[in-house]
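Residue numbers (the working numbering), protein chains in the order written: chain A, 1 to 573; chain B, 1 to 286.
Quick caveat, the hints were computed from the structure, so don't treat them as lab data.
Note that this is a predicted model, so its numbers are computed, not measured.
There could be a bad hint or two in this list.
Pairs of lysine to any residue, SDA-like flavour, derived with a Cα cap of 20 Å [claimed, not checked]:
id	chain 1	residue 1	chain 2	residue 2
1	B	280	A	30
2	B	125	B	136
3	B	280	A	383
4	B	280	A	225
5	B	280	A	120
A short list of chain A residues far from chain B (calculated; beta carbon distances all over 12 Å) [to be verified]:
id	residue
6	230
7	238
8	375
9	434
A virtual CB, placed ideally from N, CA and C, is assigned to each residue, including glycine.
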Amino acid sequence: MNIDVNIRITGGAGQGVHTAGGLISRMVVAAGHHFHATQDYMSRIRGGRNSYTVRVMDIPVRAGRAEADILLALDPGHLPHFLPGLRPGGIAVSDPPAAGAMDGVTAAPLKELAVSAGSPILGNMVGVGIVARATDVSLDTLDRLLALEFRDEFLEKNRKAVRLGAEWASGRVTDAFRLPPAPFRPRAILAGNEALALGAVAGGCKFAAGYPMTPASSILLGLSVDGPPLGLVFEQAEDEIAALNMAIGASYAGARAMVATSGGGFALMVEALSLAGMMETPVVIALGMRPGPATGMPTRTGQEDLEFALSAGHGEFPRLVLAPGSVEEAYELAFHAMEMAEAHQVPCILLTDQYLGDTVVDVDPEEIAVPPVRRRIVRGAEVPRTAEGRYLRYALTESGVSPMALPGEPGITVVADSDEHGEDGHLTEDHDVRIRMVEKRGRKEEGLAAETLPPLLSGPPDGDAALIGFGSTKGVIAEAREILAREGVSVTAVHLRQVWPFPSGAVEGILSRYGTAWTVENNRRGQLARLIRAETGRQVTGTVSRCDGLPFEPSSLAREVKERIWAERSIRR
Amino acid sequence: MGGTLDTAVENAWCPGCGNFPILTAVKRALERTGKEQHEIVLVSGIGQAAKLPHHVDVNVFNGLHGRALPAALAIKMANPSLTVVVTSGDGDIYGEGGNHFVHNIRRNPDIAVFVHDNQVYGLTKGQPSPTSDPGWTGSLQRGGVISGPFPPLAVAIALGCGFVARALASDVDHTADLMAQAIAHKGFALVDILQPCVTFNKKNTYQWYGRMAYKVPPDHDPADRQRAFALSLSWEEKIPVGVLYREERPSFEDAHPGVGEPPLHARPTPEEAVRTQIRKRILALP
Numbered sequence: 001m002n003i004d005v006n007i008r009i010t011g012g013a014g015q016g017v018h019t020a021g022g023l024i025s026r027m028v029v030a031a032g033h034h035f036h037a038t039q040d041y042m043s044r045i046r047g048g049r050n051s052y053t054v055r056v057m058d059i060p061v062r063a064g065r066a067e068a069d070i071l072l073a074l075d076p077g078h079l080p081h082f083l084p085g086l087r088p089g090g091i092a093v094s095d096p097p098a099a100g101a102m103d104g105v106t107a108a109p110l111k112e113l114a115v116s117a118g119s120p121i122l123g124n125m126v127g128v129g130i131v132a133r134a135t136d137v138s139l140d141t142l143d144r145l146l147a148l149e150f151r152d153e154f155l156e157k158n159r160k161a162v163r164l165g166a167e168w169a170s171g172r173v174t175d176a177f178r179l180p181p182a183p184f185r186p187r188a189i190l191a192g193n194e195a196l197a198l199g200a201v202a203g204g205c206k207f208a209a210g211y212p213m214t215p216a217s218s219i220l221l222g223l224s225v226d227g228p229p230l231g232l233v234f235e236q237a238e239d240e241i242a243a244l245n246m247a248i249g250a251s252y253a254g255a256r257a258m259v260a261t262s263g264g265g266f267a268l269m270v271e272a273l274s275l276a277g278m279m280e281t282p283v284v285i286a287l288g289m290r291p292g293p294a295t296g297m298p299t300r301t302g303q304e305d306l307e308f309a310l311s312a313g314h315g316e317f318p319r320l321v322l323a324p325g326s327v328e329e330a331y332e333l334a335f336h337a338m339e340m341a342e343a344h345q346v347p348c349i350l351l352t353d354q355y356l357g358d359t360v361v362d363v364d365p366e367e368i369a370v371p372p373v374r375r376r377i378v379r380g381a382e383v384p385r386t387a388e389g390r391y392l393r394y395a396l397t398e399s400g401v402s403p404m405a406l407p408g409e410p411g412i413t414v415v416a417d418s419d420e421h422g423e424d425g426h427l428t429e430d431h432d433v434r435i436r437m438v439e440k441r442g443r444k445e446e447g448l449a450a451e452t453l454p455p456l457l458s459g460p461p462d463g464d465a466a467l468i469g470f471g472s473t474k475g476v477i478a479e480a481r482e483i484l485a486r487e488g489v490s491v492t493a494v495h496l497r498q499v500w501p502f503p504s505g506a507v508e509g510i511l512s513r514y515g516t517a518w519t520v521e522n523n524r525r526g527q528l529a530r531l532i533r534a535e536t537g538r539q540v541t542g543t544v545s546r547c548d549g550l551p552f553e554p555s556s557l558a559r560e561v562k563e564r565i566w567a568e569r570s571i572r573r
Numbered sequence: 001m002g003g004t005l006d007t008a009v010e011n012a013w014c015p016g017c018g019n020f021p022i023l024t025a026v027k028r029a030l031e032r033t034g035k036e037q038h039e040i041v042l043v044s045g046i047g048q049a050a051k052l053p054h055h056v057d058v059n060v061f062n063g064l065h066g067r068a069l070p071a072a073l074a075i076k077m078a079n080p081s082l083t084v085v086v087t088s089g090d091g092d093i094y095g096e097g098g099n100h101f102v103h104n105i106r107r108n109p110d111i112a113v114f115v116h117d118n119q120v121y122g123l124t125k126g127q128p129s130p131t132s133d134p135g136w137t138g139s140l141q142r143g144g145v146i147s148g149p150f151p152p153l154a155v156a157i158a159l160g161c162g163f164v165a166r167a168l169a170s171d172v173d174h175t176a177d178l179m180a181q182a183i184a185h186k187g188f189a190l191v192d193i194l195q196p197c198v199t200f201n202k203k204n205t206y207q208w209y210g211r212m213a214y215k216v217p218p219d220h221d222p223a224d225r226q227r228a229f230a231l232s233l234s235w236e237e238k239i240p241v242g243v244l245y246r247e248e249r250p251s252f253e254d255a256h257p258g259v260g261e262p263p264l265h266a267r268p269t270p271e272e273a274v275r276t277q278i279r280k281r282i283l284a285l286p
């Protein structure tokens, strides 16, 4: 690892922060490098204080970094907030006169050059030109990238703005952060939520409904963009209650179906989640977490809904809860969720969050697997019938999973009920039937558990400590482990991509191998630590918790873990 | 349709319940569709009315209280060749599910919605429903209902519902006829059925409806929205029964670009089509 340059663009909503960040991301990919982009934005349409951070490396990047090497402040008023996050010797660029009055800030006439290029809104593009010069990426590369997005007069204006920025920066901005040219490789640029939606579509999702809610709206967007070419129908629901009831209806009629929402919307879906459990309709729910309670911090990140996802829904029913830890895993686990939900006829929750959902990276398109979708619907002669010729939707089986036929199948009818029901689906108040059905649904959990995805470990199998996380913390914990290893502290990173059924055996094995183990969680209560205790009877050493609405960051996490390990050792002595 | 539509499910309604004639009417209307049993889906929520589908030998989706409409919409979207009929109570469709009632009329899916409107929550023992008359005394409003009644037909007409009818449960022939017309109508078709509750509603009884109800006169033009609106609000003096409003407009399934043949369960997921979507993300320099 030689290259590690962190570029931060800041400004108000509407100033083109996102556009500039996206362009810089593509610029570094075009220059043969890799990136990891994260967004931090406020809940508003215009204004506020937003940032887009692009971390560039010569290997695929799987975590963000707090300290910026290059800071492009489109609004100089934000400098006091963002300058402390600039590393010593880093480049800060913003408009005069505010910028000129501050130590270590290069006053660049962004607005003035933007006007020269044809419009005052092109300040972001002038800034991109300055960043291109600071990183030594050729203007030809940017010219070609801009041609992918703009046409005619707009293309020329944008190109001019970039050129004016780069020319201005010559000799005025250090090239300490230059990116040496590397061979260009075709890379797919994907955000976490986009990958999740794509994985669901690859997994045969044909029906999606949802009510917009940050940070899950981009999952709905992805489904509505990537789904229709593969026959998916999307409908914006009047509320989240409708969304999940719609998905369950579509599933009853044979469509693989999903919804996407955040905590508040999921709260509204909870009764329908229980319905999916009772009716045994396969359905996938993407839950993009943000800090709560209630409206909380709508555009920020958190992992506060783990226990909620595990326990939501009245009554007892099996469920699968997956927690992707990277953009690639968001794709893979969404596919897996589609397959598993149908195979076991259970609801499946994909637990993601704002940090992962809005994270953009470059991935090798050849490494994105597209396995065949395996439908398990029975049709025609496959449909089991009783001696009287009837189909039993809830036929008692050893696995608890009954052959699923669809309404419209000639010669049979399909009866599904939210009441307790007999094998034929019709409601019943018979206690013996009740027991048989409770046991039937319960047996499905055993089948699910047998296919549990084990935790993923990185680092030595016998480190001083284990760091255990679920979901979006995967990349950060893995990098914190690398930092600690360089500092002589040997820890193992443990990533839980499935949290229910809980991989009890594997986690117990891990805990027995390490003297100390911390969970790393974006919540206050240490919900994963509580889950581990409930499911294994073992208590972790402690929890590294973060609940300010921001994601963990490798170097500060490593620092905190080191302090904890030292403190633990001194206690033991 | 071959054979009887009866099922062996034990009936849980009170003797004399208005649900019985409604059940008879539903079966007659379904027989008149010319569809096979496997081509029909009855969808309901929760309540005594919502148990009706268990007594008809067709496909059944008996979902959550208030949530019949979203499920019915999606079943129709997933497989438009199915005949989808919702049959549930006034509390279910107008109360708990009020938001879905409003927005599905806006969508206009090709489903028929039969609301057993007995102006009372029967299964929970006699609380007022959204359509209870002001002053009516229910178990949770002993001083009498204060809120004004929800006017389902007026709301439906205001929202542009293409088929708005009122039926009288005790007139099975007429109710079955209105139901058959509703099923045949392409779009959201509402039949609000005046249904006496023999146990909890001592005001709106068979006798009371017998006095109040009259058939919409043959000279009523169902395309006359203003007149239909006026008729829909007529309650205190006389209650018109029949088709109040009718208007053809494009159905949701016809308007939605993705809905249609083949049904969703028959749509494949070819690897190459997924790869095409992935390739759209690959940065290719011109």
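Against chain B, does residue 238 of chain A hold up as non-interface, every C-beta pair farther apart than 12 Å? violated, 4 Å
According to the definition I'm using, a residue is off the interface if its beta carbon is farther than 12 Å from all beta carbons of the partner; does residue 434 of chain A meet that for chain B? Holds, since 16 Å exceeds 12 Å.
Given hint residue 383 of chain A paired with residue 280 of chain B - CA-CA distance at most 20 Å: violated, 40 Å
Keeping to a limit of 20 Å between CA atoms, is the pair of residue 280 of chain B and residue 120 of chain A held or broken? Cα-Cα ~32 Å, so violated.
Just double-check residue 375 of chain A for me: nearest Cβ-Cβ distance to chain B has to come out over 12 Å. It is violated; residue 375 of chain A is separated from chain B by about 8 Å at its closest Cβ, not greater than 12 Å.
Are the Cα atoms of residue 280 of chain B and residue 30 of chain A separated by 20 Å or less? holds, 16 Å
Is residue 280 of chain B close enough to residue 225 of chain A, meaning Cα to Cα at most 20 Å? Distance of about 11 Å is within 20 Å: holds.
For the pair supplied as a hint, residue 125 of chain B and residue 136 of chain B, is the alpha-carbon distance within the 20 Å limit? Since the Cα atoms of residue 125 of chain B and residue 136 of chain B sit roughly 15 Å apart, the hinted pair holds (cutoff 20 Å).
Looking at residue 230 of chain A again, its CB stays over 12 Å from all of chain B? violated, 5 Å
Checked against the numbered hints listed earlier, the structure breaks hints 3, 5, 6, 7 and 8; every other hint is satisfied.
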